[in-house]
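A.B. asks: Sequence:
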Amino acid sequence: MRQRLLNPKSFLLRGESQQAAAQAYLANLPLDADEPLELVVRERVKPRKMSQNALMWAGPLADIAEQAWVNGKRFSAEAWHEHFKREFLPEEFDPELCQEGYVKWQITPRGDRALVGSTTQLTVKGMAQYLTQVEASGAELGVEFRARGAR
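All letters in the sequence shown, in the order written, are residues 1 to 151 by the numbering used here.
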């Protein structure tokens, strides 16, 4: 019986030196037929870019906050952001759209559903999709978005 692996090990393979380190690590692992190890190899999905986050706040959210009226009221960019997260964040983990460990909702001790998902947990593709949905929603409210260079 081998000793338990308490912390999973991961390697980001960018070149031959990282590949060699991973191979050496694997070659030295004790094997046990009763407690097999699982090896997962996948392409790394890039997290959203800071420029995407800046664009979201300076662009669509600012334009919507300045121009959109709902039931005679205007709302802050922060309020719109919370609204759009509830509407457009993925409901479940999708490796193309979210980073590992993503969860949108958690149940509180009272049984309420609390939003815990965040745009910080989106991938580049997930954030692009989110921004497209935010802009489409703003357009439905009559918002005219400024050109990106004018922001």
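Source of the hints: derived by calculation from the structure; they are not laboratory data. Every value quoted in this text rests on a predicted model; they were computed, and no experiment measured them. You may find that some hints are simply not true.
Said to hold, decoys possible - Below, a list of computed lysine-lysine pairs in the DSS-like style, where the Cα atoms sit at most 25 angstroms apart: (1) K85 x K46; (2) K73 x K9; (3) K9 x K46; (4) K85 x K9; (5) K73 x K85; (6) K125 x K104; (7) K104 x K85; (8) K125 x K73; (9) K49 x K85.
To be verified - Ranges between beta-carbon positions, derived for each pair: (10) W69 x V40: 24 to 30 angstroms; (11) R44 x T108: 18 to 24 angstroms; (12) V116 x E38: 25 to 31 angstroms.
Just so you know, even glycine gets a beta-carbon here, dropped at the ideal spot from N, CA and C.
A.B. asks: State for each hint whether it applies.
C.D. replies: Evaluation of the provided hints:
1. K85 x K46: Roughly 20 angstroms between the alpha carbons, so the hint for K85 and K46 holds.
2. K73 x K9: violated (51 angstroms)
3. K9 x K46: Holds - the C-alpha atoms of K46 and K9 are around 19 angstroms apart, at most 25 angstroms.
4. K85 x K9: violated (32 angstroms)
5. K73 x K85: With a Cα-Cα distance of about 20 angstroms, the restraint between K73 and K85 holds, given a limit of 25 angstroms.
6. K125 x K104: This hinted pair holds, its Cα atoms lying about 17 angstroms apart.
7. K104 x K85: holds (9 angstroms)
8. K125 x K73: The given pair, whose Cα atoms are some 32 angstroms apart, is violated under the 25 angstroms limit.
9. K49 x K85: holds (17 angstroms)
10. W69 x V40: 24 to 30 angstroms: violated (49 angstroms)
11. R44 x T108: 18 to 24 angstroms: violated (33 angstroms)
12. V116 x E38: 25 to 31 angstroms: holds (27 angstroms)
Violation of the numbered hints given earlier is confined to hints 2, 4, 8, 10, 11; the remaining hints are satisfied by the structure.
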